[in-house]
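**Q** When we follow the working numbering, the leftmost residue of the first sequence carries the number 1, and every step to the right adds one.
Misleading hints may appear alongside valid ones.
Stated by the list, open to error - With a cut-off of at most 20 Å between alpha-carbon atoms, the simulated EDC-like pairs for lysine to aspartate or glutamate come out as follows: (1) LYS202 - GLU180; (2) LYS440 - ASP412; (3) LYS440 - GLU413.
The hints are simulated quantities; they were obtained by calculation from the structure and are not laboratory data.
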Amino acid sequence: MAENKKMVEDITSRDVDFAKWYTDVVKKAEMVDYASTKGCMIIRPYGYAIWENIQKILDGKFKELGHENVMMPMFIPESLLQKEKDHVEGFAPEVAWVTHGGEEKLGERLCVRPTSETLFCDHYKDIIHSHRDLPKLYNQWCSVVRWEKTTRPFLRTTEFLWQEGHTMHETAEEAMAETEQMLNVYADFCEQYLAIPVVRGKKTDKEKFAGAEATYTIEAMMHDGKALQSGTSHYFGDGFSRAFGIQYSDRENKLQYPHQTSWGMSTRIIGAIIMTHGDDNGLVLPPAVAPIQVIIVPIAAHKGGVNEKAQEIEQRIKKVCRVKTDVSNQSPGWKFAEYEMKGVPLRLEIGPRDIENNSCVLVRRDNGEKTVVSLDNIEAEIEAKLKAVHDGMFESALKRREQMTYDVHTMDEMIDTAENKPGLVRAMWCGDPECEAAVKEKAGLTSRCMPFAQEEIDGKCVCCGKPAKTLVYWGKQY
RNA sequence: CGAGAUGUAGCGCAGUUUGGUAGCGCACUUCGUUCGGGACGAAGGGGCCGCAGGUUCGAAUCCUGUCAUCUCGACCA
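Given only the sequences and the hints, what does the whole structure look like? Please build it.
**A** Printed below as a string of structure tokens:
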């Protein structure tokens, strides 16, 4: 077989038109469908199952760290949204408003939540009175609405699913530690479960969240070289506390404002999975979140005994993986292509020849590698292969990111790189927002983050030539 | 929100220039033969041609409006 040859004729080739490839894949793999409401998507069972797996893993991690889940209303009264000035300015242009209840016009408009800081704060002011009430570590899984101008499945939709953590702490230090801790939870999750390498760092003032003192981000590189913010964690200081009048009595009985954080990861991460790992045959799913981890394809099933053997193997390995056997009447070749398109990490072929030899064939989705393995210890073989698939996916994503990340020292170099080499650009920055704006103006790149892992690759700012303060990752973003 | 493109069966498309009763491939249903990389034959089913107006004896086709999707910008998770 030729691994390089495109076998799914109706998926646009990734290198020909990446955007078209993306929409082909999400549709053909039956992850989403368009809804009749503008910009909204229907997440179909195969796509939703991925989200459920993501949810299960993350929710477990949040709870291990002491967070509790709650459910806030989906409506925010206009007056509440307006309490924090920067926040409302940031979100007002993209909120949906409810103006009527039935036939009656409402006295006050209600906004459909674009994020829930204001709702949490409104509640926190009632339940936080003493240092004994802190910390409050709340999270909610919900959908939010942002009236976006342009939309794409998973990457930017009018309504999307996410989780938002909102926590309150006695001190700035504690809140800052929480902010960093949660960013690391996201980063580790991306790398250890989704096989997506990420750059951890801080956003510049221009790019930070509306109302935050500091925004931290994990940035991933997609196959076309564009950056995707894959998770975010904000430190608010006591700005919202002051705006909402949240106060507690500290150990000396003095009134204090608590310090706040919020952090979120959305269904956009599914877009990151698709665009990081997918290829011309379709999806490639990281084993940890793949709805089906192993697909068993019986070969020449009519010859008898094959389907029975497949069932027997399924019963054995379902203790170690999510497995499905396709006993439909489609040809084996059709099934191979179908499950490759759906990104199933491992295929197990079982036919008369294998049964004779007490073996089966395992094929990796990530690199097409085919191996014949004995059935004696098939459970362990499967576990090892799934791990190998994850590692292989991570390695090749990391390698690609490294190959497509360029260090530049001058604006000319930056413009040239931005035009000719898709990927991330690393360059030094003096910290002046005008230089940041100039980079965007001249090279068309925005600052993605100031990485935690700082290096001094040059002494001068790439733009103005004055002494540089920070290394910045620049790029085109989704 | 600016520029461009596209809406005809579940999917991909032809038909629109020149108005005359809706077509192809895949998918679907039934039967049979197949089965280690998208099998084959036979017989079937499915469409107010995005939606709303208008012109006409007659509209997928012409006119007006509207909605949606995609791409590129501007804005954002």
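**Q** So if I understand the rule, the pair passes when the alpha-carbon distance is 20 Å or less; does LYS440 with ASP412 pass?
**A** 13 Å, holds
**Q** Run the distance test for LYS440 versus GLU413: straight-line Cα separation, threshold 20 Å.
**A** 14 Å, holds
**Q** Would you check the hint for LYS202 and GLU180, treating anything up to 20 Å between C-alpha atoms as holding?
**A** 10 Å, holds
In terms of the numbered hints stated before, the structure departs from none.
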